[in-house]
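**Student:** Residue 0 is where the sequence shown starts when you use numbering that gives the first Met the number 0, and the numbers rise one by one after that.
If you're looking for bench data, these hints aren't it; they were derived computationally from the structure. Some clues are possibly wrong.
[Said to hold, decoys possible] Keeping only pairs whose Cα atoms sit at most 27 Å apart, straight-line, the calculated DSSO-like set for lysine-lysine is:
hint	residue 1	residue 2
1	K149	K136
2	K5	K149
3	K5	K136
Remember, predicted model here, so these are calculated numbers, not experimental data.
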Amino acid sequence: MSAAMKDCISISSRLMQQIEQYCIAHLPYEACGLLLGTEAKPQTEMPLFVRRFVGIPNTAANPRRHFVMDPSVFIPYLFVPNPSHESIIGIFHSHPSAPPVPSVEDLQTSWIDVPSHWIVSIQNADQPEWQAYRYEKLHPNESGSLTRFKPLRLITTT
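All chains, please: the whole structure from these sequences, using the hints.
**Tutor:** This is how it looks when you write it as structure tokens:
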């Protein structure tokens, strides 16, 4: 797979609209969930492809500014065999009042091994903004962050 395709991820416009509606329905709180789909195949030029999402309740102490996925809901997706052979290819969460840029808390994620991390900004609910990232482990730096993020190119399908 070319380096250009490694930095891409594909999702249908219909699914994006469904995720946006889910995030808007959870205002003023951050919404969160899993993205399931097919992983990129090294021998092809096909990127990761999101097939569906699963909304997960946010159990954070301050859900207006943080998200914590309810473990009783997401853990089964980690361990129960999936009959449709879908993998967790990403997580998403919304920023109700901020742009789709990782916060300090986002960079302290324990989801670093998931192929993509999506942020949906709904500070303007009429025009949500999206960005997907790949997080990479780093050595501690001056800011204390152990993670850096690399934007991924979204390929929207019909």
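**Student:** Next pair to validate is K5 with K136; report whether the Cα-Cα distance is within 27 Å.
**Tutor:** Between K5 and K136 the Cα gap is close to 17 Å, so the pair holds against 27 Å.
**Student:** Is the hinted pair K5 and K149 satisfied, with a Cα-Cα distance of at most 27 Å?
**Tutor:** Status holds; Cα separation ~11 Å.
**Student:** Need the status of pair K149, K136: alpha-carbon distance at most 27 Å?
**Tutor:** 11 Å, holds
Going down the numbered hints, you'll see the structure goes against none, and every one checks out.
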